[in-house]
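S.K.: Read top to bottom, the protein sequences are chains A and B.
Numbering of the first sequence is given in the working numbering, commencing with residue 1 and proceeding in unit increments.
Numbering of the second sequence is given in the working numbering, commencing with residue 1 and proceeding in unit increments.
Keep in mind that the hints were calculated from the coordinates and are not lab data.
Keep in mind it's a predicted model, so treat the numbers as computed, not measured.
One thing to keep in mind: the hints can contain errors.
What the hints assert, rightly or not - No farther apart than 20 Å at their CA atoms in a straight line, the calculated lysine to any residue pairs in the SDA-like style are these:
1. B:K24 / B:V114
2. A:K53 / B:R169
3. B:K24 / A:D347
4. B:K349 / A:D347
5. B:K185 / B:K24
6. B:K10 / A:P183
7. B:K24 / A:L99
8. B:K10 / B:V114
9. B:K8 / B:E160
10. A:K207 / B:K349
11. A:K207 / B:F263
12. A:K53 / B:E176
13. B:K349 / A:Q363
14. B:K10 / A:G40
Said to hold, decoys possible - Just some of the chain B residues that point at chain A, by a computed CB distance under 10 Å:
15. T52
16. I100
17. R145
18. S197
19. A201
20. K239
21. L264
22. Q327
23. D335
Ideal Cβ positions, reconstructed from N, Cα and C, are used throughout, including at glycine.
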Amino acid sequence: MSSELRRKTPEELLREIQAEEPAPKLGYLKIFLGYASGVGKSYRMLDEARRRKERGQDVVIGALQDKAAPEVESLARRLEVVAFLRIDGGTAVDVNAILRRHPTVCFIDGLAYNNPPGSRHPTRWEDVQELLNARIKVVTSINIQYISELREQVEQLTGKQVQATVPASFVKTADEIEIVDAPPQESIAHTQEEEMDIDKRRRQLSKLRELALVLAADVVDFQLQQYLEQHGIRQPLGTHERLLVCITPRTNVREMLDTARGIAARFHADLIAAYVNQPEISGSDKAALEERLDLARAVGARIEILGGTDPASAIMEFAKSHGITQLFIGHSQRSGIGPRLWGNPVDRLIQEARGMDIRIFPQ
Amino acid sequence: MSEQPRGKLKIFMGYAAGVGKTYKMLEEAQDLKARGVDVVVGYFESHGRQDTIAKAEGLELVPRKKIIYRDATFEEMDTEAILARHPQVAAIDEFPHTNIPGSDRLKRWEDVLVLLSDGIEVLTTMNIQHLESLNDQVWHITGVRVRETIPDWVVQRADEVVMIDLTPRALLHRLERGVVYSREKAARAMENFFRESTLVALRELALRQAAHEVEHRAVWGDAPPETDGSGANGKRIHKILVHVTADPRTAMLIRRAKRLSDFLDADCFAVAVQASGDLNTPPESEREALNRHLNFARNIHIETLVLEGEDAATTLVDFARRNEITQIFLVRPPDRRRFALLSRNLVQKIVALAKDMQIVIVSERDRPVAQ
């Protein structure tokens, strides 16, 4: 089996070095991710607490939800609970008490809470961070609605303001993430707004469910990339579609970007648009290029400006080192048939694109 | 036939043995029973797992059917007995299972379709690696060519697909403790299929597929796709043409094209070109391969055609233009093989002729190697 021998990029080398250095071993973070209240995160979480306790681990509960289902309450009764701190009528995780108690594992049901003014930290996820820094293992739960980066999308979807959020960057540091999935049941659909049209509520829940699954997949992808890099495997496993649209000042980009946006949306794919820098570019070409790059940005593409004297090589090098699965290029401007053209960029890309698909567009 | 409304299908989807699919399915069966629903277990495989066996307690089990094959007795699900019993809901494990020769139907999923069309609701389980369109990706990740596959259109028929998740670490702990398999079997499994990176990759595939299944049902369940599959004018629907040859990578090409067309809600056609317009002229080995590929395409619900033409490129592009094809899928010319030049010329010629269409050149993926 052949594999590309390729020099590592500086970023890869850096990450490898960092991976080899013994990182300060902090507490272990596990997150149960759900898309609505009522899917069963609390139960799954406390069931894990019960199992760990039965296996002899030192387990405490640092936070419980106000309104717990009866089966959750009966689980909690069999476990040690560190009571909330009361501040000005509000409640917060008692970080000091947990630090003093120093259990092996602390369970925090509900990660997205703002603490009352005067608390140790403004938010609960920062409390958790402190527990992790003290090398306490934390198992916690969160709903997709409360991810900061999704706030706008969620508010648009539900029409409701989101009060407390947790940054996705914190969620991505989790050593383990587990999704609690279930189709929207009547019970979930009914809990919040009785007035709301049931179909609308179902569509909302479907969208939230999709967002949760994709976030979990992204976290898992991040873990996979780290693992592969640490083990010197640079061939991507193709679990995540990554699209690279090649843009020049002459490219007819509309159809390319339309198709790219469609595929990216359906596959929840990464979308990148790349341009290979040409030193002697005319003013009008520069304007044309900027216009195209703006169109690419407008469909949500990340822009990469590549260097290199030979555009085809620059594109291929980038594609191979970034796990691109689909390469989008324009038909060559030149016309003609036959092997004599094998030297043109399109043909060369086809020849070298082992391991990815190439999509050639009308120009 | 019957006026029976079709039964609903719910799939519990996982990414490996031991994540808890069967347990979840039985738990749901128990819940339904507690609510007074008439539910039976049509087939279930405990693999000797205690908690799974306990979950099945109290549920009515339809006895398996004994089938004698080559002097040995095998047990399969008794579809006819379930039909006769006609419960509201049947819980049926291992959706991708292949029945022993001599059974009425080849595959368990075919048995399930029979139950559904008789109005019985079915709960079932499967792992992501058995989905036909992911077969190449699964091989790429695991090095295992999965033979028991389920066509995507069968999974698309499901009313609900639920992701049964467990982190790979938790799964590996379960294996170590002997919950999933006996200890020796577990040691072997851990070396091969259950390597952590493999599990992580399969899990990612499953999560992405589950997200797609949710989106597919939400968006396309009650309205046609709004943006995607349409071109610049907002109306054009993609139509995909796959060129079928005797090249062994054609199955991969067909799977990839089908997956794309499913995701984009496009039409898909698989077309071979022969001078005679039929499959009687090519030499035996080529004819056999072409037949196999065309059959495969039909089995996963792609319309197939054999076109008459001396020149494959011109015939293909003419056909594409007449039928308003928007994308032509071709297999990438091989690197160093006997027919590399021929295949390369074909690709070049099609690329040159079909400048008004999208041409997708699909490449095989290499298995990753640690360096």
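S.K.: Does each hint hold? Answer for all of them.
M.R.: The hints, checked one at a time:
| no. | hint | result |
| --- | --- | --- |
| 1 | B:K24 / B:V114 | violated (24 Å) |
| 2 | A:K53 / B:R169 | holds (18 Å) |
| 3 | B:K24 / A:D347 | violated (51 Å) |
| 4 | B:K349 / A:D347 | holds (11 Å) |
| 5 | B:K185 / B:K24 | violated (24 Å) |
| 6 | B:K10 / A:P183 | holds (10 Å) |
| 7 | B:K24 / A:L99 | violated (37 Å) |
| 8 | B:K10 / B:V114 | holds (15 Å) |
| 9 | B:K8 / B:E160 | holds (8 Å) |
| 10 | A:K207 / B:K349 | violated (44 Å) |
| 11 | A:K207 / B:F263 | holds (17 Å) |
| 12 | A:K53 / B:E176 | holds (18 Å) |
| 13 | B:K349 / A:Q363 | holds (17 Å) |
| 14 | B:K10 / A:G40 | holds (19 Å) |
| 15 | T52 | violated (16 Å) |
| 16 | I100 | violated (33 Å) |
| 17 | R145 | violated (15 Å) |
| 18 | S197 | holds (5 Å) |
| 19 | A201 | holds (5 Å) |
| 20 | K239 | violated (13 Å) |
| 21 | L264 | holds (6 Å) |
| 22 | Q327 | holds (8 Å) |
| 23 | D335 | holds (7 Å) |
Consistency with the previously given hints fails for numbers 1, 3, 5, 7, 10, 15, 16, 17, 20, ordered from lowest to highest.
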